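**Q** The primary structure of each chain is shown beneath.
Number of protein chains: 2
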Amino acid sequence: MSTKENALSIFALGGLNEIGKNMYAIEYSNDIVIIDCGNKFPDASLLGIDLIIPDMAYLVENKDKVSALIVTHGHEDHIGGIPFFLKKLNVPVYATRFTLGLIEIKLKEHKLLRESELVEINSNSKLKIGEMNVSFFKVTHSIPDCLGVIFHTPEGNIVHTGDFKFDLTPANNEHADIHKMAEIGKEGVLLLLSESTNAERPGLTPSEQMVGEHVEATFMKADRKVIVSTFASNISRVQQVVNAAHKTNRKLALLGRSMVNVVAVAIERGYLTVPDGMLIAPHEINEMAPEKVAILCTGSQGEPLAALARLSTGNFRGVDILPEDTVIIAAGPIPGNERNVTSIVDNLFALGAKVIYGSGSTSGMHVSGHGYQEDLKLMLTLMKPKYFIPIHGEFRMLHHHRLLAESVGVEKGNTFIINNGDVVEIEDGIARQTRTVPVGNTYVDGGDVGNIGEYVLRDRKQLSEDGMIMIILTISKAERKLMAEPETISRGFTDQDFSELRKNINELTVNTVNELQEENRNSRNVMKKQIKKSIREYVYTHTKKNPMIVPILIEI
Amino acid sequence: MSTKENALSIFALGGLNEIGKNMYAIEYSNDIVIIDCGNKFPDASLLGIDLIIPDMAYLVENKDKVSALIVTHGHEDHIGGIPFFLKKLNVPVYATRFTLGLIEIKLKEHKLLRESELVEINSNSKLKIGEMNVSFFKVTHSIPDCLGVIFHTPEGNIVHTGDFKFDLTPANNEHADIHKMAEIGKEGVLLLLSESTNAERPGLTPSEQMVGEHVEATFMKADRKVIVSTFASNISRVQQVVNAAHKTNRKLALLGRSMVNVVAVAIERGYLTVPDGMLIAPHEINEMAPEKVAILCTGSQGEPLAALARLSTGNFRGVDILPEDTVIIAAGPIPGNERNVTSIVDNLFALGAKVIYGSGSTSGMHVSGHGYQEDLKLMLTLMKPKYFIPIHGEFRMLHHHRLLAESVGVEKGNTFIINNGDVVEIEDGIARQTRTVPVGNTYVDGGDVGNIGEYVLRDRKQLSEDGMIMIILTISKAERKLMAEPETISRGFTDQDFSELRKNINELTVNTVNELQEENRNSRNVMKKQIKKSIREYVYTHTKKNPMIVPILIEI
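Just so you know, the protein sequences line up as chains C and P, in that order.
Quick note on my numbering: the first sequence kicks off at -19 and runs consecutively.
Quick note on my numbering: the second sequence kicks off at -19 and runs consecutively.
Keep in mind the hints are simulated off the structure, nothing from the lab.
One thing to keep in mind: the hints can contain errors.
Copies of the same chain look alike in the list, so a pair counts if it fits in one copy or across any two.
[Said to hold, decoys possible] In silico DSS-like links for lysine-lysine, alpha-carbon gap of 30 angstroms or less:
(1) LYS88 to LYS524
(2) LYS483 to LYS512
(3) LYS461 to LYS483
(4) LYS43 to LYS524
(5) LYS88 to LYS508
(6) LYS483 to LYS91
(7) LYS483 to LYS457
(8) LYS68 to LYS364
(9) LYS508 to LYS357
(10) LYS392 to LYS525
(11) LYS231 to LYS483
(12) LYS201 to LYS160
Values in this document were obtained by computation on a predicted structure and should not be read as measured data.
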């Protein structure tokens, strides 16, 4: 790599031109500091893939320079890649108390907790990493204990916002450090990296308190069970549900593994207050009068195996949704999840429940954790950066964020819309886009990390669309002659009796082998290739389908 | 079937508890009249399926009774199943002039046009089918020439609304027959079937004219090319684009097969007026000054092979989107298509275009063709039905539509929320839900219609997630002994070198065969079953993956 000695480099290993797998890096002299290490969930085209994490080859190659991983908050798109990161790089992880709680759950699952070096920080912590001093500021978001990060470098101050909105009446009363942000801005910010998720949306994000008011009003009106589904990590929202249940004299049951786990961490670490004796076990629900029970559950995104989906189809053992129960889906559907959520809503209505659903603006039961345009402009105004890199978003979001920056005074030409891997270097106060570092998607498929590539996915696509036909041929090694009738097997191709087609495929195979035999073109590879070709064409002509054709030659 | 002589039966073969494949039936005495015959597009879980159409077994079984297919309008979810229907049932098809134009395109593709009996009707037509008189009324929707249908039966009047909104200022000046609806209502409606698509949305649908105003304003401001993507069948919207282009002195090019085909039908049949000499061929675009050109194209739903997607990636031969061009996506994304659309928006912004996108309420470039709650209430108020069946919608939509009906006076208990196949019978003025008729989804997969079922889909799912491992064994017929090393092949499983795993699989196979041999449990089936089992377990333990295991036994 052509990095200059002492140049300050900024780049992303993930998070640009995508939503998910956030991972940013600040490199100065002999140190690389990583900010966040998230995962991303695959879209439907990535068949069989469980997770996507950033390709970390560059870091592994520069192992000795990687000094720290700083984590801004505990959402999956910021912590989901950490176990895979720590398997390759033994580096201290800095995060707040709540964030560490969630990271620990993950490391336990991967049996990595013991050997990992986890360092608790808070917004007043100060770190020295190589020649950089690092400090922090609190931001408000949809999970507790979130940080923005300031790198005080010899070149100047670099600020990373983390994920944020400006909630002036946060439900947990933990305010953002607006004064600290103003101070940093006054001191001078050379470069700001700010998140762009809602850069397309005009206005200011509504306060989380709005959700609390709607939840409480709904609890007040309900005269049977109330079931609330939300993100387990949104502890402010969970707290507001707890409060509403308490106010209406209800006990509370928790359903779903992540709800149980995360609430336990939140209570234990002091982020959530639940009155003594309020929590009950699921099996106790049926023993109580319905107007005395509330349920908090996972599955607000329509995940087919989560608690809400199972409740909606009567498949949650021991817990039933009954007519006149109230179900609140206190979360907007993340793009791509709409159909899963609405099919659950259909099922809940069919059970006779009252269902409150929809985006936050229609139901009042959700607000975004990501700042809208006015929030973003406020951050830019406070920080007054010379240079700006919009991060954490797809291209149109980054694009809109640039326009916002320019509207509040960032000079045209001083915003860098870059890709993962593009490096912005700063030297003598001047930023330039220079080299690139290798980046990419690493696919996690079961225990397979990084071994799934283009070929496998192409095969899976073909298999998923039209299945496969195998033709098994036994030929004699010496004379290259068929020793038996070919055998044809299919999977995922048709449920129809295809004996007719099979007969023709076998005939075609025999003819092909005989022809090749006559022409003396009877090597293993030529035979396979030729059989594949003729059968593919035959099958397509007769069925308009294109299954994978696998000729298997047994030579005896 | 237990139908009583002269009972009036109403049921759906598709369209209830789903969006798509609309097909309703009115059966009286010796006649079954079908209303619409649509298709539905598969969701991602139906691997390899191209289309879904209603299972028509009941109609085939009662072939002699099926007297007519009446088509309310030309959208795919109302006409897409017609070719498959006509292959099984030779029945006259009644539709308006524009609708017939679209049906003819379809029948030509299926080489069915010549033998089909297509009968043109309009809103003043009157048909006599068996003992039923059938008349029609015009409704406004997002495609020209739409009908509602009235069945005058000895039991009373049955009304089917078709798809509708109340647009009081329709862009094509073709008003709905509100007076006729009022008359029918006054005469008396025994049963109303009304569409429910937007029953969840409060208010009144905005007028199509709103889109025209926004389109025109955008054309006025644009100083380079303007590209508009919309549904080809929304001729009112196409007309408004034509008008805006004309007003700003632009020529117009059409891109995308369905845009070219449908616009041709619309011009030829008098539904669209394009000034002489205005249309240009795609290759002429580059010869003209950019401010003199507009483009109308397909692909507003993000379809990966349609014109807009190809334009956005620079893959439309001869046509380029250049910086400062304006792209209008004049259509809201249908649920499920959001991500495809936004990825096109990202690409367009990256090309430097100004992009106007989003739901209609944010961009002003789309209004729904389906009535909101106030539209639905107006229809119910005009018709004053005794009985009501909400149709054309998922459960929550039908549920909300019932509440709307009750709010304007339909008696509680007189609304039937039914499933496809549930029959409502009316006798002596009393409606009851009685028998069911067989219904279902017929999958179209290439040339395969109805042969794809549960097994194939289950196999495709497994293949798509973890691929497959084949183990080929050659054993001697007599001694049941292995005649060679087993051979292991995989597809869609891993891109990793899996020689280690393969070696172990082969060893395991040999061991399994030897054990079975010793135990004398060596029949073909036992061997295959046992090998499958041991390899499945081994592979899962070592990779956390569950590929399809296919043992192939060659006996020699």
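**Q** Next, verify each hint and record whether it holds.
**A** A quick look at each hint next to the structure:
Taking identical chains as interchangeable, the C-alpha atoms of LYS88 and LYS524 lie at most 30 angstroms apart only when they sit on different chains, with a minimum of 18 angstroms there against 50 angstroms within one chain. Taking the closest pair of Cα atoms, LYS483 and LYS512 come within 30 angstroms of each other both inside a single copy (16 angstroms) and across two copies (27 angstroms). In the homo-oligomer, the alpha carbons of LYS461 and LYS483 lie at most 30 angstroms apart both inside one protomer (19 angstroms) and across protomers (29 angstroms), since each shortest distance falls under that limit. Taking the shortest Cα distances, LYS43 and LYS524 sit within 30 angstroms of each other only across copies (29 angstroms), while inside one copy they are farther apart (52 angstroms).
When the C-alpha separation of LYS88 and LYS508 is checked against a cutoff of 30 angstroms, the pair qualifies neither within a copy, at 49 angstroms, nor between copies, at 39 angstroms. In this assembly of identical chains, LYS483 and LYS91 lie within 30 angstroms of each other by CA distance solely across copies; the values are 29 angstroms between and 54 angstroms within a copy. Proximity of LYS483 to LYS457 under the C-alpha cut-off of 30 angstroms is found in both arrangements, the shortest distances being 25 angstroms within a copy and 23 angstroms between copies. For the homomeric pair LYS68 and LYS364, neither the shortest alpha-carbon distance inside one copy (38 angstroms) nor that between copies (71 angstroms) is at most 30 angstroms.
Within a single copy, LYS508 and LYS357 get their C-alpha atoms no closer than 63 angstroms, and across copies no closer than 66 angstroms, so neither meets the 30 angstroms cut-off. For a Cα distance limit of 30 angstroms, the shortest separation of LYS392 from LYS525 qualifies neither inside one copy, at 53 angstroms, nor across copies, at 51 angstroms. Taking the shortest alpha-carbon separations for LYS231 and LYS483, neither the intra-copy value of 67 angstroms nor the inter-copy value of 57 angstroms comes in at or below 30 angstroms. Within a single copy, LYS201 and LYS160 get their C-alpha atoms no closer than 42 angstroms, and across copies no closer than 44 angstroms, so neither meets the 30 angstroms cut-off.
Of the numbered hints listed earlier, those contradicted by the structure are 5, 8, 9, 10, 11 and 12.
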